[in-house]
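Colleague: Sequence:
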Amino acid sequence: MPSAVRKEPGDMPHVRPLLDNALAEVEEQTLAELDLVRGSLRRAVEAALAGDPAIADEVKARGSEFDRRYDEVHDRLMALIARQAPVAGDLRLTMALLHTNDRIERMGAQCLNIATLCCALPAGGGPAPEQLDCLSAMARLADEQVAEAARVFADRDVEGARRLREHDARINEGNRRCFALGITDGDDEARREAAFFVALMARAIERIADNAVDIGKQAAFVVTGRLRS
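When we follow the numbering used here, the leftmost residue of the sequence shown carries the number 127, and every step to the right adds one.
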C-alpha cells in the first residue's frame with residue numbers, strides 16, 4: 127500500500143479561511159498605522175511652524191504607541207508564519223506586511239525627530255518664513271504620499287507604485303530647496319542655527335516619503351513576486 131501524501135497546512139481546506147482572515151486582519155491593522163503617521167506628521171510640522179513645544183511634546187508622547195503597534199503587528203505575522211505556514215502568494219503578502227510594518231516604524235521615528243528638533247530650536251532667532259513655507263509644502267506632499275501608499279498597497283496597484291516614485295521627486299526637490307534656503311539665511315547665529323534645524327526637519331519629511339515609496343514597492347511584490355526599482 128502506498129504511503130499517504132503529507133499535505134502542507136496551507137493545502138488543508140479548513141486552514142485556508144483562517145489564514146485568509148488572519149492576513150486580512152493584519153493588513154488592515156498595518157495600514158491603519160499609516161493614519162497615525164499622517165496625524166503625527168501634521169502635528170509635528172504644526173509645532174515647527176508655530177514654534178510650539180507643547181504640540182511637539184504631544185507628538186513625542188506618541189512614540190510608545192508606535193512601538194506598541196509595531197510589536198503587535200510583527201508578533202502576529204511571525205505567529206502566522208510559524209503556525210499557518212503560508213506559501214506562494216500568502217507568503218509574499220506576509221513578507222510584504224513585515225517590510226511595510228518596518229517602514230511605518232521608521233516613519234514614526236522621523237515624526238518624533240521633527241518634534242525633537244522643534245523643541246531644540248534656539249530662542250531669539252526664528253527660521254525665515256520662506257523656509258517654513260517650504261517645509262509646510264513638503265509636509266502636504268508627504269501626507270499625500272503616505273495616504274497614496276496605503277491605497278496602493280490595499281489595491282495592489284502596481285502602476286500606482288510607479289506614480290509614487292514620480293510624486294516623490296517633488297518632495298526631493300523641496301528638500302533641496304529647504305536646505306538651500308537654510309544655508310543662505312543671513313548672518314545672525316541664532317537664525318542660522320534655527321535654519322539648520324528646519325533643514326533637518328525637511329530631511330526627515332523626505333525620509334518619510336521615501337519609506338512610502340518602499341511600501342508601494344511591496345504592493346508590486348505581492349502581485350508580481352519582484353521588487354521593482
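Hint data in this document are derived by calculation from the structure and do not stem from the laboratory.
C-beta atoms are modelled at their ideal positions from N, C-alpha and C, and glycine is treated no differently.
Treat the hints loosely; a few may be bogus.
To be verified - Quick list of simulated restraints, FRET-style, between CB atoms:
no.	residue 1	residue 2	range
1	G351	G177	30 to 38 Å
2	A316	R289	22 to 30 Å
3	P248	E184	20 to 28 Å
4	D197	E315	19 to 27 Å
5	D183	V213	15 to 23 Å
6	D259	A316	15 to 23 Å
7	V213	R168	25 to 33 Å
8	I207	A176	18 to 26 Å
Colleague: For each hint, tell me whether it holds in the structure or not.
Modeller: Tested hints:
no. : hint                       : in the structure
1   : G351 with G177: 30 to 38 Å : violated, 48 Å
2   : A316 with R289: 22 to 30 Å : violated, 41 Å
3   : P248 with E184: 20 to 28 Å : holds, 21 Å
4   : D197 with E315: 19 to 27 Å : violated, 43 Å
5   : D183 with V213: 15 to 23 Å : violated, 47 Å
6   : D259 with A316: 15 to 23 Å : holds, 20 Å
7   : V213 with R168: 25 to 33 Å : violated, 40 Å
8   : I207 with A176: 18 to 26 Å : violated, 45 Å
Checked against the numbered hints listed earlier, the structure breaks hints 1, 2, 4, 5, 7, 8; every other hint is satisfied.
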